[in-house]
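No gaps in the numbering here: position 56 of the sequence shown is 56 in this note's numbering, and each next residue is one more.
The set of hints was computed from the structure by calculation and includes no laboratory data. Just to be clear, a hint being listed does not mean it is correct.
In silico lysine to aspartate or glutamate, EDC-like type, Cα no more than 20 Å apart, as pairs [claimed, not checked]:
id	residue 1	residue 2
1	K135	D39
2	K103	D75
3	K103	D49
4	K135	E123
5	K103	E123
Per label pair, the in silico range of CB-to-CB distance [stated by the list, open to error]:
id	residue 1	residue 2	range
6	N38	I187	38 to 44 Å
7	D49	P186	22 to 28 Å
8	P108	A78	28 to 34 Å
9	P132	S161	33 to 39 Å
10	P138	Y72	26 to 32 Å
11	L109	N77	32 to 38 Å
12	S177	G73	30 to 36 Å
13	S161	L109	17 to 23 Å
Idealized CB from N, CA, C, for every residue including glycine.
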Amino acid sequence: MKQVIGVLIVVAVLSGVSYAANGTVSGRIIGGSNVIINDYPFMVRMYRDLNSYCGAVVIGPYHALTAAHCVYGIDSNAVYGQIHFRGGSTNQYSGGNVFSAWKLTMHPLYNHTSLEYDIAVVEITTSFYRNPIIKPIPMQEFEPAASTSCYALGWGNTSPSGPQSPTLQIGYYTLGSQQYCYSMHPIAFATPSKYCATSQGGRICFGDSGGALVCGGRLHGINSFLSGWCDANKVEGFAKVPFSGIRSFIRQVSGI
């Protein structure tokens with residue numbers, strides 16, 4: 001599911017951790033498989049200034065979640081006209097419906113260097129449900145056991161320097177324990193607000209940020225960062241939806 005959509009790669013001050021930022025990089029899942037939106041109707045593609053650059057996840061008729069670094073630098077009081085979503089389409093460039101955002105709320109504890117609390121809630125002007133394909137995904141309310149099987153979705157790079165995938169793709173992951181995550185990247189996983197996961201087939205890459213990590217049919221995480229250059233045998237980072245400081249933020253902002 002790897003694919004590069006932009007020209008700038010931001011490397012965090014987390015040893016070897018990279019992420020897409022400022023709407024300049026996007027991607028596709030490396031080694032992933034094509035899927036259809038009807039099977040994953042909660043996935044939408046996010047555009048910033050009409051450029052496709054991140055994924056997002058529908059949680060209700062007017063609300064979607066994405067990574068905070070995808071919307072970093074956007075004036076929360078001037079969102080209308082800057083952020084749009086395409087939903088109800090397998091193809092990120094055509095089909096479905098386009099929705100305009102009017103409100104953006106980043107997590108108040110988001111840190112653009114460490115990527116702590118890398119999550120934001122975006123509200124749109126008209127209901128996602130005007131497209132009959134689009135459906136919300138339920139959110140996980142408690143942390144699962146390590147070794148839980150999950151999958152990630154995105155339209156990102158098929159290789160670190162390749163083109164974007166026009167088609168939604170899936171990659172498969174296994175969650176790591178907090179101890180394992182810390183042993184792999186002591187700085188990146190110093191706090192429990194993030195999951196790490198290892199690929200079992202297909203890997204997220206640039207442009208997959210903001211997409212869904214799903215385990216057992218429920219939203220567990222939001223694609224956040226890469227440990228390495230979309231390399232194999234590396235762990236990936238996801239904002240942890242059931243973490244109390246994140247789940248309470250989502251509930252407070254969206255009412256969901």
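Going down the list of hints, with the structure as the test:
1. K135 <-> D39: Given pair K135, D39 holds - Cα atoms ~10 Å apart, limit 20 Å.
2. K103 <-> D75: 10 Å, holds
3. K103 <-> D49: 15 Å, holds
4. K135 <-> E123: 15 Å, holds
5. K103 <-> E123: The hint holds at about 5 Å.
6. N38 <-> I187: 38 to 44 Å: Holds: the Cβ-Cβ distance is about 40 Å, inside 38 to 44 Å.
7. D49 <-> P186: 22 to 28 Å: For D49 and P186 the Cβ distance comes to about 37 Å; the hint is violated.
8. P108 <-> A78: 28 to 34 Å: 19 Å, violated
9. P132 <-> S161: 33 to 39 Å: Since the Cβ atoms of P132 and S161 sit about 38 Å apart, the hinted range of 33 to 39 Å holds.
10. P138 <-> Y72: 26 to 32 Å: 27 Å, holds
11. L109 <-> N77: 32 to 38 Å: 20 Å, violated
12. S177 <-> G73: 30 to 36 Å: 34 Å, holds
13. S161 <-> L109: 17 to 23 Å: 34 Å, violated
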